[in-house]
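**Student:** Dock the two chains into a complex; use the hints.
Chain order of the listed sequences is D and C. At position 96 of the first sequence the residue is numbered 96 (our numbering), and the sequence of numbers has no breaks. Plus 265 on top of the position in the second sequence (first one is 1) and you've got our numbering.
None of these hints come from the bench; they were simulated from the model. Fair warning: this is a prediction, and the values are worked out from it, not measured in the lab. The reader is advised that the hints may include incorrect statements.
Claimed, not checked - Not the full set, but computed from the structure, chain C residues with beta-carbon under 7 Å of chain D:
hint, residue
1, D276
2, G290
3, E304
4, E347
5, P350
6, G388
7, G430
8, Y464
9, E517
10, K595
11, F599
As the list claims (entries may be wrong) - Derived EDC-like pairs (lysine to aspartate or glutamate); straight-line CA-CA distance at most 20 Å:
hint, chain 1, residue 1, chain 2, residue 2
12, D, K209, C, E277
13, D, K209, C, E629
14, D, K209, C, E268
15, D, K63, C, E405
16, D, K63, C, E395
17, C, K595, C, E629
18, C, K620, C, D636
19, C, K598, D, D138
20, D, K63, C, E412
21, D, K63, C, D636
22, D, K36, D, E91
23, D, K209, C, E395
24, C, K607, D, D112
C-beta atoms are modelled at their ideal positions from N, C-alpha and C, and glycine is treated no differently.
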Amino acid sequence: MSALSGGHGSELAGDVARYGHGSRIPGWDDAVDLTKDPAGIPDPALTSVPRELRERIEASMAKYPDFRSAAIPALHAAQELHGWCSPEAIEQVACVMRLTPAYLTAVATFYDMFSTVPVGRQTVYVCTNISCSLRGADELYAAMQEAAGDDPDFNVRAFECLGACDIAPMASVNGAYVGPLELSDAETIVAQLRAGDEVLPEKQLLRRKVADPRAAGGAGASSAGGDRAPHASAEAEHNASAAKAPDADHSDAADRLFPDEDHRA
Amino acid sequence: MTELLLFDRIDEPGLATIDVYKRRGGYEALERALRMPREEVLQNLLDSGLRGRGGAGFAMGKKVSFLPKGTIDKYLVCNADESEPGTFKDRELMQKSPHMLVEGMIIAAYAADANRSFIYIRGEYEQQAEILERAIAEAEAAGYLGERILGSDHSQSLVLHRGAGAYICGEETGLLDSLEGKRGNPRLKPPFPANQGLYQGPTLINNVETLATVPTIIRMGGAEYAKLGTDTSTGTKLVSVSGNVQRPGNYEIELGISSREIVYGLAGGPEPGREVKLWFPGGSSSPVLKAEDLDLPYDFDSMAKAGSMLGSGAIIVVDDSVPVVDVALKLAKFYRHESCGKCTPCREGTNWTVKMLQRVESGEATPMDLDIIASVQDQIMGNCLCVLGDAMAMPVSSMVAKFRDEFEAHIEAKRAANGLGAPHFDAPLGAALHGAPAGVHS
Numbered sequence: 001m002s003a004l005s006g007g008h009g010s011e012l013a014g015d016v017a018r019y020g021h022g023s024r025i026p027g028w029d030d031a032v033d034l035t036k037d038p039a040g041i042p043d044p045a046l047t048s049v050p051r052e053l054r055e056r057i058e059a060s061m062a063k064y065p066d067f068r069s070a071a072i073p074a075l076h077a078a079q080e081l082h083g084w085c086s087p088e089a090i091e092q093v094a095c096v097m098r099l100t101p102a103y104l105t106a107v108a109t110f111y112d113m114f115s116t117v118p119v120g121r122q123t124v125y126v127c128t129n130i131s132c133s134l135r136g137a138d139e140l141y142a143a144m145q146e147a148a149g150d151d152p153d154f155n156v157r158a159f160e161c162l163g164a165c166d167i168a169p170m171a172s173v174n175g176a177y178v179g180p181l182e183l184s185d186a187e188t189i190v191a192q193l194r195a196g197d198e199v200l201p202e203k204q205l206l207r208r209k210v211a212d213p214r215a216a217g218g219a220g221a222s223s224a225g226g227d228r229a230p231h232a233s234a235e236a237e238h239n240a241s242a243a244k245a246p247d248a249d250h251s252d253a254a255d256r257l258f259p260d261e262d263h264r265a
Numbered sequence: 266m267t268e269l270l271l272f273d274r275i276d277e278p279g280l281a282t283i284d285v286y287k288r289r290g291g292y293e294a295l296e297r298a299l300r301m302p303r304e305e306v307l308q309n310l311l312d313s314g315l316r317g318r319g320g321a322g323f324a325m326g327k328k329v330s331f332l333p334k335g336t337i338d339k340y341l342v343c344n345a346d347e348s349e350p351g352t353f354k355d356r357e358l359m360q361k362s363p364h365m366l367v368e369g370m371i372i373a374a375y376a377a378d379a380n381r382s383f384i385y386i387r388g389e390y391e392q393q394a395e396i397l398e399r400a401i402a403e404a405e406a407a408g409y410l411g412e413r414i415l416g417s418d419h420s421q422s423l424v425l426h427r428g429a430g431a432y433i434c435g436e437e438t439g440l441l442d443s444l445e446g447k448r449g450n451p452r453l454k455p456p457f458p459a460n461q462g463l464y465q466g467p468t469l470i471n472n473v474e475t476l477a478t479v480p481t482i483i484r485m486g487g488a489e490y491a492k493l494g495t496d497t498s499t500g501t502k503l504v505s506v507s508g509n510v511q512r513p514g515n516y517e518i519e520l521g522i523s524s525r526e527i528v529y530g531l532a533g534g535p536e537p538g539r540e541v542k543l544w545f546p547g548g549s550s551s552p553v554l555k556a557e558d559l560d561l562p563y564d565f566d567s568m569a570k571a572g573s574m575l576g577s578g579a580i581i582v583v584d585d586s587v588p589v590v591d592v593a594l595k596l597a598k599f600y601r602h603e604s605c606g607k608c609t610p611c612r613e614g615t616n617w618t619v620k621m622l623q624r625v626e627s628g629e630a631t632p633m634d635l636d637i638i639a640s641v642q643d644q645i646m647g648n649c650l651c652v653l654g655d656a657m658a659m660p661v662s663s664m665v666a667k668f669r670d671e672f673e674a675h676i677e678a679k680r681a682a683n684g685l686g687a688p689h690f691d692a693p694l695g696a697a698l699h700g701a702p703a704g705v706h707s
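One chain only, chain C, in its complex shape (with noise of 0.2 Å):
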C-alpha cells in the first residue's frame, strides 16, 4: 500500500502552525522549487501528469503552460468553493494542513509565473477561514510571501476572500464574477481563464487539492509521482465517503484501487442487512452506478468509461432503503435552488424537472412523464454556459434510465392510492396512444 501524501499523520497537534509544520519538512519543497528555473518547476507538473481534482479532472500542468509569457499581470486563483453535495476533503485539508496549500500556491504561482494570489473559499467554512488566515499571516511573517521570496525574483500576495453562499461559485468562471465583487454568474467560454479570467488578467485556477498536492510533486520529482496510480490516473486522491456507509469520511487513496474496496473496506460499506442500491462515484452531479459497478477500479479514466465521472472524489452511497424517486427529486431541488438563472435551460430545465418529479413522487405522473423527464435532461445538456444544467440532467437521466423499473413502481403504486387506478401498459400500442389518457379509468 502507498504511504500518504496528503494525510500523513495530519492529526498531528500543531501542524496548522508554521513551526510544527517546517519541522516536518515543510516549506523545504518551496525552498528547492525556488532555486529551480520556473521551466523546471513546470516540467515537474507536467510529469506528474497530475490531473484536477476539483471536478473535470484537465491535467494541472497543461493548465499552467496555457498561461502566456511576459510581464503581464497574471494571477492564481485557489477554487476553495467546495460545494459539490457530498465533497468535503478539501474543508479537512485546509483546516489540519493550511500550509501545504499556501506552500503548494507559492509554488504554483512562482510556475505559472503569477505575482497575485487568492483562495476564494465558501463562505459557510468561517472555521477554516480564519485558520488559513493565521497560516497566511504566519507565512507572511516568515517571508514565504511578499517580495522577493527567499532571494529569488518571485513576488507574490496572497489574499484569503470569503464567499457567501452559492454553489455556482464553484464553477470557475462564476468564482472569477464573484471575487470581482459581482453577482456569480458564469462567463462565455472562450476566453479561457488562462488567457482572460479574473480583472480580464490570465488566471490559473486549481482546486485545493491539486495545489496542495504540488509541493509534494517538487519533493518526489514528477516523474516519480507519476508512478504512483495508473497510467493516465496518477498520484492519490482523497475519496469523500458518505451517505449510507458505517464510516464515512475522508480517505486518501492510490487511483485505480478497486471502488469496493473503498465503499466496503474503507468505509465499511452500509448498515449490516443493507445492500448498495445505487452510488455516486465523484459528487451529485456524476451520473449514478449500480451496485455491480463497484468491482471497477476507482480512476478517472475506469469512472468514464462506466459512463459515470470521477468528479471531485466524493463516493455518496444509497442503499436499497432509500426510494430512488427521493433522490432524484431530492437533487433536482437543489440544482433548481443553486441554478444562477443566466441560462434559459437550466433555469427552466431544473424548475420543470422538479415539477414533473414531484408528480411522480405524489402519483399524478404516469409512465410518459419519465420520457419527458429524459427528454428535458437531454435538452439541458451542453446547451448553458456552464455544467450546472448538465450537473442536474447527468445524475437525473442516468436515475430514471437505470431505475425505470423502480420509477414506474412507485407511479402504479402511488396512482393506484390516489384512487386513480394502474395505466394499461398490456393495452395494444395504438390505444395507448390514441386512447382515453392513461389511468383515466380504472
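Pulled out of the complex, with its shape left as it was, chain D reads as follows (with noise of 0.2 Å):
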C-alpha cells in the first residue's frame, strides 16, 4: 500500500482495505480512455437503483417544471445513500434522471457539499472563514483534525463562512451548527458521533435566542401603535447618539440602546 505513505493517500485510513489509488472502489480514477465513447445515458435494464433512491429521485423530479432541476436533491440523496458521489451513485442518479454521468459528475464536483472522492460518514465542517477566525477557528480546526485522528468514520472539513458567525467559533456536525466552541469541545464531538449522542445539546444553535435584546418582548417590542419618529428627528438622533456612545457605560445596555426614548413618545 505503498499509495497511503504520501500524497493523496495518506488522508485516508488505513484500517479499510483499498486500492492503491487510495479508493475502496477500483478504478475510480482510472484516466480516460480516448479510443472509448463518452458513457451515454445508463441503461434501466443493465443498472440496479435501490428503490427508495428511485422514488426519492423521481419525486423531486415531479417538483419542477424542468425535470433536470432535481440534479442537485437527486445528488443530495445519492450522496447520504452511498456516503459519497461515487461512479456507482452518479451512474443511478443518471440512470433515473436520463443524463449522461459526465453531465452529472461536472454538477458534483462544482459544489462543496458533494464528494467524488470517499470520505467518512461523520461529517464535521469547521468553519474557517473571517469572522470565525477572528475568534480562534483556525486552531479549533486543528484541534478538530487532531481529536478526529485518522478515523476513517470521520471527514473533517475546512469550510468557506457557514452563516453562523454569532457562534463562532462554530462547525456543523452532520448538518447541526454548534458553537461557540473551546478548543476541548473537540474531543467531546469526537466522543459523542462515536457513541451516537446528541453533539454538545447546549451549543445547538438551534436552541439559542437572538441577540438583540428587545427580542424577547422587552420595552421596545411592547409599544405598539402608530407614533412614528418623522424625519426631521433623525439627524438629531444620530448626533445624539454619535456623542454619547464613545464614553457610554457599556453594562447598560438598554438605556443606550433607547438614547432618543423622549423624542420619540
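**Tutor:** Rendered as C-alpha cells:
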C-alpha cells in the first residue's frame, strides 16, 4: 500500500482495504480512454437502482417544470445513500434522471458539499472564514483534526462561512450547527459522534435566542402603536447617539439602545 | 426607538408553527393583499421605498414592476443562499419565523402575478430547510398555497430547493443556473432575470429579509413604512454583527442610526482594552472602513458616500490585535476558492492576489508588490459577468490603500527577519527604479 504513505493516500485511513490509488472502488480515477465512446445514459435494464433512491429522485423531478432541476436534490439523495458521489451513485442518478454521468459529474464537482472521493460518514465542517477565524477557528480546526485522528469514519473539513458568525467559532456536525466551541469541545464532539449521542446539546444553534435584547419582548417590542418618529428627528438622533456612545457605560445596554426614547414617545 | 418589525417576539416558542403565527396576526396581511387589486399591492411596495436586503439595495417595488404583464409563466425566487461571510440574518428569520417568509412570498408573487415560486436555500442550512419544509406543508394544508388561494384568482406553488455549497449561487443568475440543475455559473446580463430568468421566463428574485418584510408593509401601508429610516433608506434592517465584538449576533435597527451605536451599543464593541482597527459595513465584500467612520449613520447612501456599501448588513469588526495582512489573505483565499472560473479576470485575479499576499505575508515581497496588487484589483473590477471578482477586489484594494503603512511595515519586518534587509526607502527615485533590486544588498 505505497499510496497510503504519502500524498493523497495519507489523508485516508488504513483500516479499510483500499486499492493503490487510495479508493475502495477499483478504477474510479483511471485516466480517460480516448478510444472509448463517452458513457451514455445508463440502460435501465442493466443498472440496478435501490428502490428508495429511485422514488426520492422521481419525487424531486416531479416538483419542477424542468426535471433537470432535480439534479442537486438527486445527488444529495445518492450521496446520503452511498456516502459519497461514487461512480456507482452517479450512474444510478443518471439512470433515473435520463442524463449522462458526465453531466452529473460536472454538477457534483462544482459544489462543495458533494464529494467525488470517498469520505467518512461523520461530517464535521469547521468554519474557518473571517469572522470565525477572528475568534480562533484555525486552532479549532487543528484540534478537530487531531481529535478525529485518522479514523476513516470522520470527514473533518475546513469550510467557508457557514452563516453562523454569532456562535463563532463554530462547526456543522452532520448538519447540526454547534458553537461557540472551545478547543476541548473537539474531543467531546468526536466522542459523542462515536457513541451516537446528540452533539453538544447545550451549544446547539437551534436552542439559541436572538442576540437583540428587545426581541424577547422588552420595552421596544411592547410599544405597539402608530407613533413613529418624523424624519426631522432622525438627524438629531444620530448626533445624540454618536456623541453619547464613546464614553457610554457598556454595562447598561438598554439605556444606550434608546438614548432618544423621550423624543419618540 | 422604533418597534421591532421582523424580530418582534421572535423567540416565542412555536412561532415556526402556523397556529402560533396566525394567533399573532399572521396571514392577515395576505388576506388583505388578496382583496386588493394587484396594482394596489405593487403601489404599496413602491411607496414603501423598501430596498433589497441581499446586497445590491435595489428598490424592491421597482424590481416587481419590471416584470412584463400578461399571461406568460412568471417565477418568484427567494434567494436564501446566504453565504456572504459575516451574514446570518436570513438564517435567523427562516429558522424562527418561516411563515413570515412564506406569507411575504405569496404577497410578492401576487403583486408580480407569478404562479411558481422557489426558495433556494444554501445546502448547509439543513436544519432551517427542514423547518421551512414543514412551514410550507402547513401553509399548503391551510389553503394559503395552491389553486385559487382564499377564493382569489391567484394560484401559486412553492418549492424549497436545497443548494449544495457554493458562494456563487448567491449571485442571482448563478442561482438560476443552479436551480435549473446546472453548475452555478453566472450569466451575461442583459437579459436581466426580470425578462429572462428561470427557465427563460420572467423572474423576480429577492432576498429572504426583503420578502419577509412584505407582510409588514401591507399591514402598515407602504407610505407609513417609508416614514421609518431615512428618506432613501426606509424601514428597519437586520444587521449581523460578528468578529471582535463582545456580543455578536443579529440586531434589528432602524436605518440611519449611527454605526457606533450598532458596534458599541448593541454588540458591545471589542474586548476591553482593544480598539476597532477596521470594519466591514456590509459583509466581507464591502470596502473596509476605519474606526473614525463609526460615526457615520448606517444607511445605504451614507455607506456609499464613505466609499463602501451597506451590502447585506453584515458588520464584521476587526480589532487592533489582528494584522491587516492576515485579514486580506484570508479573504482573498475565500474568493479564490469560490470563483466559479468562468471569467478570466476573476479566476486568475483571485489566484494572483492570493499568491502576492502570500509573498507579502512571508516577507518575499517588496512595497512595489503592493502597487501590483492594487493594479490587479483594478483589472478585475467591472470586467466579469458577475461581481464575485469585484467582491474580492474592493475590500483588498481598500485595505492596501488604507493600511499601506502597516503592509509596508510588515514587509520590512519580515524581510529583515528573513535576512533580506529592508528596501531602501530613502534612496533617490532613480536609484530605486534602476539600481539593484530592492533588498538584495542590506
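**Student:** Given E517(C) as an interface hint, is its Cβ closer than 7 Å to any Cβ of chain D?
**Tutor:** Given a least distance of 6 Å, the restraint on E517(C) holds.
**Student:** Return the status of the interface hint for E304(C): holds when the least beta-carbon distance to chain D is below 7 Å, violated otherwise.
**Tutor:** violated (25 Å)
**Student:** Keeping to a limit of 20 Å between CA atoms, is the pair of K620(C) and D636(C) held or broken?
**Tutor:** Answer holds: K620(C) to D636(C) is near 14 Å, not above 20 Å.
**Student:** Verify the interface restraint on K595(C): the C-beta must sit less than 7 Å from at least one C-beta of chain D.
**Tutor:** holds (5 Å)
**Student:** Quickly compare the C-alpha distance for K209(D) and E277(C) to 20 Å and report which way the hint goes.
**Tutor:** holds (10 Å)
**Student:** Take a quick look at whether K598(C) and D138(D) sit within 20 Å of each other, Cα to Cα.
**Tutor:** holds (14 Å)
**Student:** Given G290(C) as an interface hint, is the shortest Cβ-Cβ distance to chain D below 7 Å?
**Tutor:** With Cβ-Cβ at 11 Å, over 7 Å, it is violated.
**Student:** Hint E347(C) vs chain D: min CB-CB distance below 7 Å?
**Tutor:** Cβ of E347(C) sits 5 Å from chain D, so the hint holds.
**Student:** Is the straight-line distance between the alpha-carbon of K607(C) and that of D112(D) 20 Å or less?
**Tutor:** With a Cα-Cα distance of about 17 Å, the restraint between K607(C) and D112(D) holds, given a limit of 20 Å.
**Student:** Holds or violated: is the Cβ of P350(C) closer than 7 Å to a Cβ in chain D?
**Tutor:** Because about 4 Å separates P350(C) from the closest Cβ in chain D, which is inside the 7 Å limit, the hint holds.
**Student:** For the pair supplied as a hint, K209(D) and E395(C), is the alpha-carbon distance within the 20 Å limit?
**Tutor:** With Cα atoms ~19 Å apart, K209(D) and E395(C) stay inside 20 Å; holds.
**Student:** F599(C) was flagged as interface toward chain D. Is the shortest Cβ-Cβ separation under 7 Å?
**Tutor:** holds (6 Å)
The structure shown violates the earlier hints numbered 2, 3, 13 and 21.
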